[in-house]
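Trainee: Following the hints, complete the assembly by docking chain B onto the known chain A.
Same order as they appear, the protein sequences are chains A and B.
Residue numbers for the first sequence follow this note's numbering, so the first one is 31 and each next one is one higher.
Residue numbers for the second sequence follow this note's numbering, so the first one is 31 and each next one is one higher.
Mixed in with the good hints, there may be bad ones.
One copy or any two copies: either way a pair holds, since identical chains are not told apart in the list.
Here are the simulated SDA-like pairs of lysine to any residue, each with C-alpha atoms no more than 25 Å apart in a straight line [unchecked claim]:
#  : residue 1 : residue 2
1  : K134      : G177
2  : K261      : A184
3  : K134      : E231
4  : K134      : A184
5  : K134      : D61
6  : K134      : G230
7  : K134      : C212
8  : K261      : D149
9  : K261      : A127
10 : K134      : P64
11 : K134      : A103
12 : K134      : E232
13 : K134      : D286
14 : K134      : V182
15 : K219      : Q90
16 : K261      : D286
17 : K219      : R240
18 : K134      : T94
19 : K134      : R176
20 : K134      : P185
21 : K261      : D203
22 : K134      : R168
23 : K118      : R169
24 : K134      : A285
25 : K134      : A123
26 : K134      : R169
27 : K219      : G158
28 : K134      : G63
29 : K134      : V183
The hints are simulated quantities; they were obtained by calculation from the structure and are not laboratory data.
In this text the structure is predicted, and so the values were computed from the model without any measurement.
Protein chains: 2
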Amino acid sequence: MNEVEITGPEAIAAGRRAAGTTRFRLTVEYDGGPFVGWQRQENGCSIQQCLEEAVFATVQETRTVYGAGRTDAGVHATGQVAHVDIEKAIAPARLMAALNFHLKPNPIAVTQCAVAVGDFHARFSAIGRAYLYRIVNRRAPAVIERGHVWWVVAPLDAASMHRAAQILVGRHDFSTFRASLCQAQSPIKTLDRLDVTREGEEIRIVAEARSFLHHQVRNMVGTLRLVGDGKWSPDDVRAALDARDRAAGGPTAPADGLYLTRVVY
Amino acid sequence: MNEVEITGPEAIAAGRRAAGTTRFRLTVEYDGGPFVGWQRQENGCSIQQCLEEAVFATVQETRTVYGAGRTDAGVHATGQVAHVDIEKAIAPARLMAALNFHLKPNPIAVTQCAVAVGDFHARFSAIGRAYLYRIVNRRAPAVIERGHVWWVVAPLDAASMHRAAQILVGRHDFSTFRASLCQAQSPIKTLDRLDVTREGEEIRIVAEARSFLHHQVRNMVGTLRLVGDGKWSPDDVRAALDARDRAAGGPTAPADGLYLTRVVY
Numbered sequence: 031m032n033e034v035e036i037t038g039p040e041a042i043a044a045g046r047r048a049a050g051t052t053r054f055r056l057t058v059e060y061d062g063g064p065f066v067g068w069q070r071q072e073n074g075c076s077i078q079q080c081l082e083e084a085v086f087a088t089v090q091e092t093r094t095v096y097g098a099g100r101t102d103a104g105v106h107a108t109g110q111v112a113h114v115d116i117e118k119a120i121a122p123a124r125l126m127a128a129l130n131f132h133l134k135p136n137p138i139a140v141t142q143c144a145v146a147v148g149d150f151h152a153r154f155s156a157i158g159r160a161y162l163y164r165i166v167n168r169r170a171p172a173v174i175e176r177g178h179v180w181w182v183v184a185p186l187d188a189a190s191m192h193r194a195a196q197i198l199v200g201r202h203d204f205s206t207f208r209a210s211l212c213q214a215q216s217p218i219k220t221l222d223r224l225d226v227t228r229e230g231e232e233i234r235i236v237a238e239a240r241s242f243l244h245h246q247v248r249n250m251v252g253t254l255r256l257v258g259d260g261k262w263s264p265d266d267v268r269a270a271l272d273a274r275d276r277a278a279g280g281p282t283a284p285a286d287g288l289y290l291t292r293v294v295y
Numbered sequence: 031m032n033e034v035e036i037t038g039p040e041a042i043a044a045g046r047r048a049a050g051t052t053r054f055r056l057t058v059e060y061d062g063g064p065f066v067g068w069q070r071q072e073n074g075c076s077i078q079q080c081l082e083e084a085v086f087a088t089v090q091e092t093r094t095v096y097g098a099g100r101t102d103a104g105v106h107a108t109g110q111v112a113h114v115d116i117e118k119a120i121a122p123a124r125l126m127a128a129l130n131f132h133l134k135p136n137p138i139a140v141t142q143c144a145v146a147v148g149d150f151h152a153r154f155s156a157i158g159r160a161y162l163y164r165i166v167n168r169r170a171p172a173v174i175e176r177g178h179v180w181w182v183v184a185p186l187d188a189a190s191m192h193r194a195a196q197i198l199v200g201r202h203d204f205s206t207f208r209a210s211l212c213q214a215q216s217p218i219k220t221l222d223r224l225d226v227t228r229e230g231e232e233i234r235i236v237a238e239a240r241s242f243l244h245h246q247v248r249n250m251v252g253t254l255r256l257v258g259d260g261k262w263s264p265d266d267v268r269a270a271l272d273a274r275d276r277a278a279g280g281p282t283a284p285a286d287g288l289y290l291t292r293v294v295y
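This is chain A alone, in the form it adopts within the complex (with noise of 0.2 Å):
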């Protein structure tokens, strides 16, 4: 990629595109416990839409803001790329701080903005996206956490947890992890890293890919729980990947523990 980011007040002339209208990259966090996700949807109030309402409350301008990663209802992000075209003249900085001023009442922020100049695509520009997945693993109920971790009881065994999830790690047809729903035209992907550590009573899965599949990282989680208490083997994991059957899989592991936390360009 070789796209460039301007921060300086020559950004806007220097991204100035042919439609008239500057290109903007934002880094978004959220918490997506009160989201249907992140798309547009009928049935209640998504982050781009909210994201699209602060856009126009700030340059008066309909603008389709497009994201790197759809994540679905109650999944969070620590770094949600996404980009928007605007007319008007506008420095960066104060675009930042004007959505984040009109998105105050909701749990999402702009943490990061920056004039994008070339063909810069959040979603078709990336090569890479990182999730973390958390687990609270104790008796007791994650309660300062909740809605922002799974909560695990039983013992998990986080060092057999990561050797099962290296069988994953590769090219492979992950038709296992993936939902029904899924709209990718292929089931290959490859998954450059799984990596699970324990911090104390968290578990941490961090997932690496140039894309992921619908719910593949959910999936692939609450697959590897089974092996960290004991229910399966590696060997088993190894099989479900190979049966390339989603009924093959382990459950879905829910939405609360899962962050976007970076996309690579």
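Mentor: For chain B alone, coordinates are given in the frame of chain A:
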């Protein structure tokens, strides 16, 4: 303290007290956001009241739950310690599970439960308390951690905050950092530790002492913040301490960022 904990089935007999009750020691975690504070009050729901109602629902006994620290409205805890005397014979693990079941709608959880032997008293036996204060220091508002941190926009120099904090460590008259409603007999306290560190966008302040005055941690944090953004020098902190006058100190930091993390016996 010669208090001994027994968690096995023999615990109930060993801990049986003169009054025919068993004293249980509870470690309690809570999100202070929706509560008027630890202590029972007329004007809303307290953590103490929720615990006492859960005790009643579990063993049908009207009991007082005593806490080590009477945290204010909005202040959180990951390691509050409490005790309660119960007549009915019940194993600690069963008591903990039942309390958590009845506490469920509230963001309160009992994370440890053991029989306390001897004269253990959650408040009066405590010889140390530790608090954590969390500041998110960035342009964008904190959204995932909303209510759980203090959001400060002005860039803070954690190193100079730490240096100024060392002026407060030791035995002093802390009148400058004492709430007007504080009921302590003396304003003289010994502060054992006040460490300020930065981890990325977050500034973490750890305070340890045998006990604290009312609002002492929040008043110290509000003062250190003035050092962090360059408005005050360390000498100003020394002058404020020497003034022994609340009006000489910085503002009170919000409750949101404060956590009672540990009680030492």
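Trainee: With reference to the structure, classify each hint as holding or not holding.
Mentor: Do the hints match the structure? See the list:
no.: 1; hint: K134 <-> G177; verdict: both (20 Å within a copy, 14 Å between copies)
no.: 2; hint: K261 <-> A184; verdict: within (11 Å within a copy, 51 Å between copies)
no.: 3; hint: K134 <-> E231; verdict: between (32 Å within a copy, 20 Å between copies)
no.: 4; hint: K134 <-> A184; verdict: between (38 Å within a copy, 19 Å between copies)
no.: 5; hint: K134 <-> D61; verdict: both (13 Å within a copy, 22 Å between copies)
no.: 6; hint: K134 <-> G230; verdict: between (34 Å within a copy, 23 Å between copies)
no.: 7; hint: K134 <-> C212; verdict: neither (33 Å within a copy, 35 Å between copies)
no.: 8; hint: K261 <-> D149; verdict: neither (48 Å within a copy, 44 Å between copies)
no.: 9; hint: K261 <-> A127; verdict: between (50 Å within a copy, 24 Å between copies)
no.: 10; hint: K134 <-> P64; verdict: both (14 Å within a copy, 20 Å between copies)
no.: 11; hint: K134 <-> A103; verdict: both (20 Å within a copy, 23 Å between copies)
no.: 12; hint: K134 <-> E232; verdict: between (30 Å within a copy, 20 Å between copies)
no.: 13; hint: K134 <-> D286; verdict: both (22 Å within a copy, 17 Å between copies)
no.: 14; hint: K134 <-> V182; verdict: between (33 Å within a copy, 15 Å between copies)
no.: 15; hint: K219 <-> Q90; verdict: neither (41 Å within a copy, 57 Å between copies)
no.: 16; hint: K261 <-> D286; verdict: within (23 Å within a copy, 41 Å between copies)
no.: 17; hint: K219 <-> R240; verdict: within (8 Å within a copy, 56 Å between copies)
no.: 18; hint: K134 <-> T94; verdict: within (20 Å within a copy, 41 Å between copies)
no.: 19; hint: K134 <-> R176; verdict: both (22 Å within a copy, 11 Å between copies)
no.: 20; hint: K134 <-> P185; verdict: between (39 Å within a copy, 21 Å between copies)
no.: 21; hint: K261 <-> D203; verdict: within (24 Å within a copy, 59 Å between copies)
no.: 22; hint: K134 <-> R168; verdict: between (34 Å within a copy, 15 Å between copies)
no.: 23; hint: K118 <-> R169; verdict: between (54 Å within a copy, 23 Å between copies)
no.: 24; hint: K134 <-> A285; verdict: both (23 Å within a copy, 20 Å between copies)
no.: 25; hint: K134 <-> A123; verdict: within (17 Å within a copy, 43 Å between copies)
no.: 26; hint: K134 <-> R169; verdict: between (36 Å within a copy, 13 Å between copies)
no.: 27; hint: K219 <-> G158; verdict: within (12 Å within a copy, 53 Å between copies)
no.: 28; hint: K134 <-> G63; verdict: both (16 Å within a copy, 18 Å between copies)
no.: 29; hint: K134 <-> V183; verdict: between (35 Å within a copy, 15 Å between copies)
In terms of the numbered hints stated before, the structure departs from hints 7, 8 and 15, listed from lowest to highest.
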